[in-house]
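There are 2 protein chains.
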Amino acid sequence: MNLTELKEKHAQYQASGLNLNIQRGQPSDEDFDLSLPLIDILKRDDYKTRSGIDVRNYPGGVRGIPEACELFSELLGAEPGEMVVGNNSSLEMMTNVLQWALIKGVKNSPQPWIRETPKMIVTVPGYDRHFSLLETLGFEMVPVEMTADGPDIEAVERLAKSDPQIKGIYFVPTYNNPTGDTISEDVAKRLVTLDAAAPDFTILADDAYSVHHLDDNPGEIPNLLQLAKSAGNPDRVILFGSTSKVTFSSGGIGLLAMSESNLGYWLKLFSMQTIGPNKIEQWRHVRFLEQYPGGLKGLMRDHAAIIKPKFDATLRILNEEFAGTDLATWTEPRGGYFISFNTARPVASRVVELAAEAGVSLTPAGATYPGGVDPENSNIRIAPTRPPLGEIEEAVRVMANCVKLASAEYDEAN
Amino acid sequence: MNLTELKEKHAQYQASGLNLNIQRGQPSDEDFDLSLPLIDILKRDDYKTRSGIDVRNYPGGVRGIPEACELFSELLGAEPGEMVVGNNSSLEMMTNVLQWALIKGVKNSPQPWIRETPKMIVTVPGYDRHFSLLETLGFEMVPVEMTADGPDIEAVERLAKSDPQIKGIYFVPTYNNPTGDTISEDVAKRLVTLDAAAPDFTILADDAYSVHHLDDNPGEIPNLLQLAKSAGNPDRVILFGSTSKVTFSSGGIGLLAMSESNLGYWLKLFSMQTIGPNKIEQWRHVRFLEQYPGGLKGLMRDHAAIIKPKFDATLRILNEEFAGTDLATWTEPRGGYFISFNTARPVASRVVELAAEAGVSLTPAGATYPGGVDPENSNIRIAPTRPPLGEIEEAVRVMANCVKLASAEYDEAN
Numbered sequence: 000m001n002l003t004e005l006k007e008k009h010a011q012y013q014a015s016g017l018n019l020n021i022q023r024g025q026p027s028d029e030d031f032d033l034s035l036p037l038i039d040i041l042k043r044d045d046y047k048t049r050s051g052i053d054v055r056n057y058p059g060g061v062r063g064i065p066e067a068c069e070l071f072s073e074l075l076g077a078e079p080g081e082m083v084v085g086n087n088s089s090l091e092m093m094t095n096v097l098q099w100a101l102i103k104g105v106k107n108s109p110q111p112w113i114r115e116t117p118k119m120i121v122t123v124p125g126y127d128r129h130f131s132l133l134e135t136l137g138f139e140m141v142p143v144e145m146t147a148d149g150p151d152i153e154a155v156e157r158l159a160k161s162d163p164q165i166k167g168i169y170f171v172p173t174y175n176n177p178t179g180d181t182i183s184e185d186v187a188k189r190l191v192t193l194d195a196a197a198p199d200f201t202i203l204a205d206d207a208y209s210v211h212h213l214d215d216n217p218g219e220i221p222n223l224l225q226l227a228k229s230a231g232n233p234d235r236v237i238l239f240g241s242t243s244k245v246t247f248s249s250g251g252i253g254l255l256a257m258s259e260s261n262l263g264y265w266l267k268l269f270s271m272q273t274i275g276p277n278k279i280e281q282w283r284h285v286r287f288l289e290q291y292p293g294g295l296k297g298l299m300r301d302h303a304a305i306i307k308p309k310f311d312a313t314l315r316i317l318n319e320e321f322a323g324t325d326l327a328t329w330t331e332p333r334g335g336y337f338i339s340f341n342t343a344r345p346v347a348s349r350v351v352e353l354a355a356e357a358g359v360s361l362t363p364a365g366a367t368y369p370g371g372v373d374p375e376n377s378n379i380r381i382a383p384t385r386p387p388l389g390e391i392e393e394a395v396r397v398m399a400n401c402v403k404l405a406s407a408e409y410d411e412a413n
Numbered sequence: 000m001n002l003t004e005l006k007e008k009h010a011q012y013q014a015s016g017l018n019l020n021i022q023r024g025q026p027s028d029e030d031f032d033l034s035l036p037l038i039d040i041l042k043r044d045d046y047k048t049r050s051g052i053d054v055r056n057y058p059g060g061v062r063g064i065p066e067a068c069e070l071f072s073e074l075l076g077a078e079p080g081e082m083v084v085g086n087n088s089s090l091e092m093m094t095n096v097l098q099w100a101l102i103k104g105v106k107n108s109p110q111p112w113i114r115e116t117p118k119m120i121v122t123v124p125g126y127d128r129h130f131s132l133l134e135t136l137g138f139e140m141v142p143v144e145m146t147a148d149g150p151d152i153e154a155v156e157r158l159a160k161s162d163p164q165i166k167g168i169y170f171v172p173t174y175n176n177p178t179g180d181t182i183s184e185d186v187a188k189r190l191v192t193l194d195a196a197a198p199d200f201t202i203l204a205d206d207a208y209s210v211h212h213l214d215d216n217p218g219e220i221p222n223l224l225q226l227a228k229s230a231g232n233p234d235r236v237i238l239f240g241s242t243s244k245v246t247f248s249s250g251g252i253g254l255l256a257m258s259e260s261n262l263g264y265w266l267k268l269f270s271m272q273t274i275g276p277n278k279i280e281q282w283r284h285v286r287f288l289e290q291y292p293g294g295l296k297g298l299m300r301d302h303a304a305i306i307k308p309k310f311d312a313t314l315r316i317l318n319e320e321f322a323g324t325d326l327a328t329w330t331e332p333r334g335g336y337f338i339s340f341n342t343a344r345p346v347a348s349r350v351v352e353l354a355a356e357a358g359v360s361l362t363p364a365g366a367t368y369p370g371g372v373d374p375e376n377s378n379i380r381i382a383p384t385r386p387p388l389g390e391i392e393e394a395v396r397v398m399a400n401c402v403k404l405a406s407a408e409y410d411e412a413n
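Residue numbers (numbering that gives the first Met the number 0), protein chains in the order written: chain H, 0 to 413; chain R, 0 to 413.
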């Protein structure tokens, strides 16, 4: 189609009164329905755990109940003794770790990070909440590219080696938000062994999608914590996760894992700030996941059965619309919640604007970069999980026309 | 009794194999039983709040669900629009506020607190977790006496006026831990209006016992937040509270209240660290407290019916043992969880040691002072809420003998 035809088609979409949204990284109601028994599975006489803890009272420890540490260790590939099971938000747990790092330092810090104008490596495109958090905490962000194998490891090695103010890397190792890329074994090994100028270089791995496979056979996914321990760097890695996209969003359980030697340092800090997390909620999750057919794995398979058709439809339409053109590239994730789409021309913000005109909400252009600025103005995050299948198909069709129209406008103007 | 007789009686207690504990500020199982329906009151189809929020998904806001803000505003005497309803721990919310204050400052801070080697006024005797938290965060503590009318206001005024590094006061305004004292209207007014050298002087009021009355007619208790707003200092006060001793301990809801003008500043920070608290748990609390006979007030009356006899018995025995002697003084709280007991001689640590020999656990001597050191070695915190009535009576009898024995030992040696 030429520019005029594309504009006409866009006008038709505008006239049709659509109200579609593919910007939100949220489960669908159908996903939530799988976990409905979680709400009322715990009965009022079921307040003593198998380990003998009365979940109504304070004692039980800052790490959460042992049954939850055991159950959720599977989610992060950690030992139960390496787990801290918290309240509902892994983002809050990450914030807390970064706050303490600034105020006190991490285990091997010569001084509190805040005294050094700390810098943090982040991967781009990446997760906007990581960027806004780091900015608010006063970190200078040093972006490196997220490749199909994980963070651009040569850039990370070079940066970490040359600058002692670089205190670590903060990223999503499995099914990255938004690219869906997963770190390779080789990159993971180089990350846990790299020669850093800072003695307290820390890998903060937001493993939010560690069990969110779309493939039946996801293969072996590298575990940074285990690799770091094997490499003799047990204190370098802190893993985070949650059940926000396993059970309920903001109604799940936040998780953290680190080596036991590292935990010795951190538990002293955590125990200053809380007597412990909500144990009733943890016990509820244990009861629910233990009775779910196939347990955690069974639940994730049932999620995949809902989500995979949405990814498949999105990818199918992108192929139909753009295969053989020079207009765009996109990722084909094997898990997670997002597809990363790149326009060949610097028109992402124009695409988002056009889509909004046509009644389709996309993640704001630039959101996947620190400060909200994509230097190429090309990345668009597609979140196909929340809407019903039919709405996704329609939204992606509309978006595709916006990409073509914005690209044609650009070509005409340049 | 003379020293020999006291020693004999102590030996008898030792031989009788007691195992009693009056050190823990915890509700009893009978208290917890009042809230058992909270565990399973929410049914699996009850996931949409009256305000239209699906508690299974992220959206709903960082302040918690409106129904919880409304319900719990009663607990802190605040407007619903001044509330932040969190997860399970008010201590964690206090920590978070202090962490941000150090890293970014409070609303009116010229710079982050950490740049100034900040000092914080605390009241003694006071709550050990406040002291250990402040110490870990790097605050220098400046203790002032907790009087029957609240913090020694003349000392607070003098300190705040003279030293810009003094960033505020952190204390328990209602039924203080451990004295049970409540701030008077006059002291509260002077606190919210005092002339501070620091422009960002902040009153952190841990109102953990705001509705924990033992009297049927507790009278009017001053509200620091409302007084601060009336006095034109709306940003000076932050109130904290929780339902840890209303519903379940570590299984309740943490609360914070501040003026709406102040919230504007803080919500920007809070929204960086979490999408929001666990809304399902909040909705559960709303459903439970709304159906409880008499609501929150009714539940607190039922708690008082369990707890008051324990306080009465403790005070009766203390009177029987010590009235007319020069050995000890103690407080007679009208609410809260503790009785503060002072030996006339510097023997508190010896009393705790003797009591342990006789099978009675008391709060470690000094715990009610910063750094764990009571300069008078006289304060003992009695926590009568957790054990059954009979055990409390026995434990207080044993403790009384230990006080007499330690005092007699002291008199003989001096």
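If you are wondering where the hints come from, they were derived from the structure by calculation, not from laboratory data.
All values reported here derive from a predicted model rather than from experimental measurement.
Be careful, since some hints might not be right.
For chains that are exact copies, the list does not tell them apart, and a pair is met inside one copy or across any two.
Below, simulated EDC-like cross-link-like pairs (lysine to aspartate or glutamate); rule was C-alpha separation at most 20 Å, straight line [unchecked claim]:
1) LYS106 to GLU219
2) LYS118 to GLU393
3) LYS47 to GLU411
4) LYS118 to GLU73
5) LYS47 to GLU29
6) LYS118 to ASP194
7) LYS307 to GLU390
8) LYS103 to GLU139
9) LYS103 to GLU134
10) LYS42 to GLU29
11) LYS160 to ASP127
12) LYS267 to GLU153
13) LYS8 to GLU289
14) LYS188 to ASP151
15) LYS296 to GLU7
16) LYS103 to ASP214
17) LYS6 to GLU156
18) LYS307 to GLU69
19) LYS103 to GLU319
20) LYS267 to ASP127
21) LYS296 to ASP45
22) LYS106 to ASP39
23) LYS296 to GLU115
24) LYS106 to GLU393
25) LYS188 to GLU392
26) LYS188 to ASP53
27) LYS103 to GLU115
28) LYS47 to ASP32
29) LYS267 to GLU375
Of the hints stated earlier, which fail here? Failing hints, ascending: 1, 2, 3, 4, 11, 12, 13, 15, 16, 17, 18, 19, 21, 22, 23, 24, 25, 26, 29.
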